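Novice: Here is how the chains run, residue by residue.
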Amino acid sequence: MTQHAFYFDGTRCTGCKTCEMACKDYKDLDLGIAFRKVYEVTLGETTVGADGCFTTSCVSYALSMSCNHCDKPACVEVCPTGAMGKDAERGLVSVDADKCIGCGYCHMACPYNAPKVDRAKGHSVKCDGCAEFLAVGEKPVCVKACPARALDFGTVEEMAEKGERGNIAPLPEPAYTEPNLYIKPSADAKPAGDMDAKVANPLEVM
Amino acid sequence: MENGFSNLSRRTFLKTGGALGALAVAGGGLAATDALFGEGVAEAHAEMQEKVTWGHCAINCPSRCPLKFHVKNDEIVWVDTDTSSDADFDDHQARACLRGRTYRRWMNSPDRLSYPLKRVGKRGEGKFERISWDEAIDTIASELKRIIDAYGNEAVYIAYATGVEGVTTGQPFQRLLNLCGGFLDSYGSYSAGQLAYMQGTIFGTAGGGSALKTAEDAELVLVFGSSPTETRQGGLHTHYDFVQLREKTKGKIILIDPRFNDSITGHSDQWPPINPGTDAALVAAIAHELIKKDLVDVDFLHKYCSGFDEESMPEELRGKHLSYKDYVLGTGYDMTEKTPEWAAPITGISPDTIRQLAQEIATASPLYVVQGWGPQRRSNGEWNFWAICLLPFLVGQVGKPGTNNGNRESRFSVPLSNFPSGKNPVKASISCFLFTDAIDHGVDMTATKDGVRGAARLSSNIKFMVNYAGNCLTNQHSDINKAHDILSDESKCEFILGFDTVMCDSAKYSDILLPDLFRSEQVSLASTGSNTAYIVTAQPCTSPKFERKTAYDVCAMLAEKLGVKDEFTQGKTQEEWIRSLYEADQEKDGKLPPYDELMKAGTYKRESPGAIAMKKFIADPEGTQIGTPSGKFEIYSQKIAEAIDTWEFAEGEIVLPIPAYIPEWHGVETVTDEHPLALMGFHYRGRIHSSWGSIDALKEVNPQEVWINPADAAARGIVSGDKVRVRNEFGEMEISAKVTPRIVPGTVAMAQGAWHDADMFGDRIDKGGCINTLTTQRPSPLSKSNPQHSNICEVAKA
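Which chain is which? The protein sequence lines are D and H, in order. Residues in the first sequence are numbered from 1 upward in steps of one, following this note's numbering. Residues in the second sequence are numbered from 1001 upward in steps of one, following this note's numbering.
Just chain H, with the same shape it has in the complex:
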């Protein structure tokens, strides 16, 4: 039913009614009119028909909701989702969020790309001219060949991008470039780079968290820096799961955050405000209280952890006061006792509250400690993550029903195979956050200074870059002004291929810019889940409009030009790949429905058995190899101790081998007279990162604002709705103020992902309120990741 009328039956035709319907009936019914006027009339009938196709969201939000497109005359009329009128609270429907409900607006957005374009202005200026697909493919292929010949494959890079994520055919460029000799790979993410590094370091292979559902059995659910209802908003994901948890648990929920986030809405008793970036100080003070009151589960710590006290330190390091207990009691490291009185002015949490919290943690059983990705996306994020994970171990609340290991909750999904990327002949990789460094001075980047992996140093700067479905060149990268200077210099990265659905800020830096089709405009398949696993499918909701093409087809065209078409496609279309990969998965799984059935149903769901973090290791620590140096959860990390000895760090950088509190370079303890406020980002309901950032209907009711406490606002003469200037050493923006007690004094917050809107060849003042106008490109010390919540600034009335 691709063209919308092959399913036209006499019954539906008669039901259709309206003027054209009446005319056709007068003509003697469908069969007769077909005979008289041929297909033209059938098409006219089709105008009256509404067809429904399943599609799905494919953005970097793991909710990845099913969408039900109602289409008339090859145009979307409205977008429904997995829902029904009779569903009750426990019916697991994957209902799309407000963003999913605006797909029609996005697909028809004035920013939508429709033709291949070539840049005619300066890089970043946004001036383009329409070209043919032939010219586009020729140019891209010849530039790729030229650059590989001149600089080698290590000069080719695929930028970190999350505009298309989770679909089984989302990464065709990896395969294409691997067939052409490979590319400089990247590791980490802008979401959870610090966490990923630390999870492997301290947990080995046993780091996965418990399901959110597991928390339903807990007596105390302690949440650090997370807003499950905002970060994963639709579908059968943490929004729904958290609302379920709130209602089902008999336990208490405490949500520690500098911001009274939307997950706390209506439940203010759950909010102890904290200064951003100080979670590890709070944990140290809780540990102090637990140790002093003899509430620590020492046997548990000795059995499962390395480095809590002298006795559990690696043998050769004993007697040196390097344990966490030494840190807490002031007998090691900075020789300062981490009393609640010590932590209070750092965290903003009173000594009494800290003691009460410690008492609750000590007595709650089961205790479920969980964190979002806020605490780790910071300059000291590695240690915040680590300290929060330590907390449940201190009281032996890991590995049993109702508990978690302090990591973010795990997600349950049905594993599906992706379109194979093949083998990358290039061994070197960089932290994705450092790509602008690698463009600017890649050849100076080394393993011990910059975290280059797979090689001691890079052999080339990045010279050719693919930016498919990404806005991380500027908007979602840090220090946009610096990024612009690097990217706009055409002598540095010599060619940038952009490929997107809309003209986002990063797309303006493309030399050739290609128009993408949404995954709901092509055949697609994705798997996701939280408490419930679900698979979502897409059939094209409309025909491809203008000259937009799928990423697969474009890569196949490039492959042909580069002489690797047969290897790339193996004779298959994208749909044939999707089907054959799925059918192999189906055979392995045994329970999945047949492909055609799945495509028709749109969604397939599977209930989670409910994961408990580290269950196996806690049940059998000797028999379970987790791969850390000590074979246990590392409270003292030998890997980090080695890095301290062998890596080169920035001047003054503090790196410790225990989950200590390290004051941030740009944080609440390091504000200055010039920049006296801390500034953090958060996820906003109206966007996921920068996706949907240009949709007027969403912007209208989710305005971009800087949240400022009434005390800080009053001191600056600011009232809600005022235009203010926010500035720091990296840049300046103009934005509206939201004066609210929902943010702690001394810190201001703005949702990340707003579309950068500045004259980059003029005053560079960002009118869009993009936080990355004000963030740094200095990476966090171990994972070399983005510390985009660690900023200081001043706010003044505009």
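Excised from the complex, chain D in its bound form:
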């Protein structure tokens, strides 16, 4: 098995959500379901003094993320039916819809907000890395969609050369599930685990 991984370039991403919408279109996802989401992290202040002048410590950055196809996937661990599993060829995590009972444990366990139960379909749904594209040597639709060229996908060795493993807030420490997400952080990005760096656009990612 050659583990595959996503790469995210935080210095290039502008938060435009083309990746998310390309995925939604290709995978024909309904409202309420997105396999890739774009998180806005904003912190600091912009204030006005008695002299009428502004002071700002505001920083803001975007993080585009789908399933990170972890080495120790929490979703697989908690799945009571064995529906969630890593594939033998690329180490991608996917759900076997026939086995899934839609209990939602995977959704609750995943620290990256990746799997979700599609109530209409009756089972869990998530990013599979665009398996049919990978099979013919193509990259996932989100990667090919990015106007800013901020995403990539390939073997874990290739992606690890470009960035560090899941290391920016609001992500948890990467040691937890060992995500296959490698990141080049922007100057604004805070390290993983920084408690002040919160998601500023909860409505857009839940």
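Take every hint as true, because none was put in to throw you off.
Listed next, with one range per pair, are the computed distances between beta-carbon atoms:
1) D:K162 to H:K1797: 42 to 48 Å
2) H:K1449 to D:G32: 51 to 57 Å
3) H:P1594 to D:E161: 42 to 48 Å
4) D:E161 to H:H1302: 51 to 57 Å
5) D:A120 to H:K1588: 52 to 58 Å
6) D:P202 to H:Q1625: 57 to 63 Å
7) D:L31 to H:P1663: 43 to 49 Å
8) D:T81 to H:A1798: 43 to 49 Å
9) D:L31 to H:E1337: 54 to 60 Å
10) H:A1796 to D:G49: 23 to 29 Å
11) H:Q1625 to D:K162: 51 to 57 Å
12) H:P1594 to D:P202: 48 to 54 Å
13) D:G193 to H:P1594: 55 to 61 Å
14) H:P1425 to D:E132: 58 to 64 Å
Here are some of the chain D residues that sit facing chain H, going by a computed Cβ distance under 8 Å:
15) R12
16) C13
17) G15
18) K24
19) Y61
I should point out that these hints are in silico values taken from the structure, not numbers from a laboratory. Since this is a predicted model, take the numbers as computed values, not measurements. The beta carbon of each residue, even a glycine, is placed where N, CA and C say it ideally should be.
Given chain D, put chain H in place with the hints provided.
Specialist: Same frame as chain D, now just chain H:
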């Protein structure tokens, strides 16, 4: 391959598989089944086939991206774009943005128009009844004839509209109406009306900016009021170009904006916050600092500019303290010195920061100063634009590699000829922003009061209006409540023809409403570009569904009814026009591919040579006629001075002939106790203006919110996600609050273009969050354009 199966080969058929495929193979293969069952079976095979056609975006976003439609059984399955897996950062692929990726949803939207409709309720109520094409064409043609007979051709108007833009056959109504005696024309735009007026006034013909690519060589890139990644989001346009610039330049980027916009995301060190509408005050203070520190390039100013100081004023105006330097040093005009201390409370930028900025501007070489269209879409927009353009001249940073003239970056594209509009026999034109005035009291509008051009005054009010692919009757026009009152009065504009893909707010005011085909549902061609030029093409991705028709075909039907069909079509179909116009361009250009090759490829690209603004004029000022009164860049404008003497302005209007700071009528310095907050709009990733405004999938992840600083929110007990009421003298709306340090205190902001959603025959409270519920119809003084970022309001928890 229009019907999807003419390209069905044995190979693809066998590859198709599935139940139907297996059945057919059992029957002895394709040839045999065809013989046995005829076309019906071929059609069944076709269901399994996926065909791919090129299309393109055709909205008012110059990205105008190529789209690759994957179609099965005459239905779009998904929408790809110009992309490949092996592309790296420098491969120039015109990748569509998130909006382009939702075309399938738009084309199949529940708001999509499918049949000709006639209004059965009140104007603006949105009640319609299906009619036949015959009835629609009869009604439109007879109303047009009646109104021309009764009021003359000056009563006929084509509303400003940008739902279809940049395609070579985008404006068939102009040609049709010109063949019927003409129509009242319009000038300007809702995008950059103030800029267009001022560019001609101060630069003459030399106003075009440098390419964004030129900024890669700059030591300092100073950006005013622009978010290149949001305003032109896809394709090979400024989103990509700006990301490239950020990575390639060794210089520093500073992005001055009241809002920490998405182009700053991840790069907060690039953001000095400023109060909206105060750019000219910042420039005046920088000029003051440069003059005091002797950092102004006086020789450059004297050689290339008119009006910086006494010496460079027009001879007859010397000794009157009318120069810009007099304004800055307090020896003329308001007799106030424009020190950094003066500018600080106006702009919100501290004196130290202003001095530091002036120092950086003085020492950076090359310096690239650029602006977006935000600073100019204001009540004092003419002067903001002008002042920002002045800045690089002060330090002699114009006309050489790595510099710009302060204007918005220029775009490189391959020029293509449009379907000819013909000659308009009507000479008069109005600012497009003043069409509701021209409906209400056109006959009172004059050249010197309202900017009527081509005539001293209008001879008629607007009585017949075409609104093709436009949402500017209400949604994108200002003061929607007032617009509604004017438009809903059927005695004023007597007939409104609407023609669109979806039932937008403006469409509800149609008397007859026609269903349009997307440009990707017909043959189409468009040319655009930024650092890289590209042409995009479309072949119909599906057959025309329901009774939708192309604008060309509808105009041809109307032309027939009006007796001008042969003149209109000249015997050609739309595709024949597209082909013949292109082939003439191709011959002239010499490098363009043949038509069929282009259509097949979907996209044609050409690298820009890289434009440097005013290069020719700076190299040879004597030998280059730019057409301004002084023959130079005008820091003192004789044209504006003349307007001050001869035009009639609104009471209290301040109009100055230099790029001075003029406090806005509805701005940070003129907030009131009742309306203590400034309110500005911005472009949003989920829409371009109001296009895509009804697409649920986009709305879900790009919610309509009012951005409010934590200090202003706390004072009102507002937290993120709260429903709030935003109100001012023009109207009231309900919207969600986004409490964020990404907006300066004292100003709130909301993305423009959200779909207006109010009971216009009831409480008129807009639940859609359309900023134009709160904007004014008073035009900016010189260009008579829309000041839609200049507003004041109050925000309260709902």
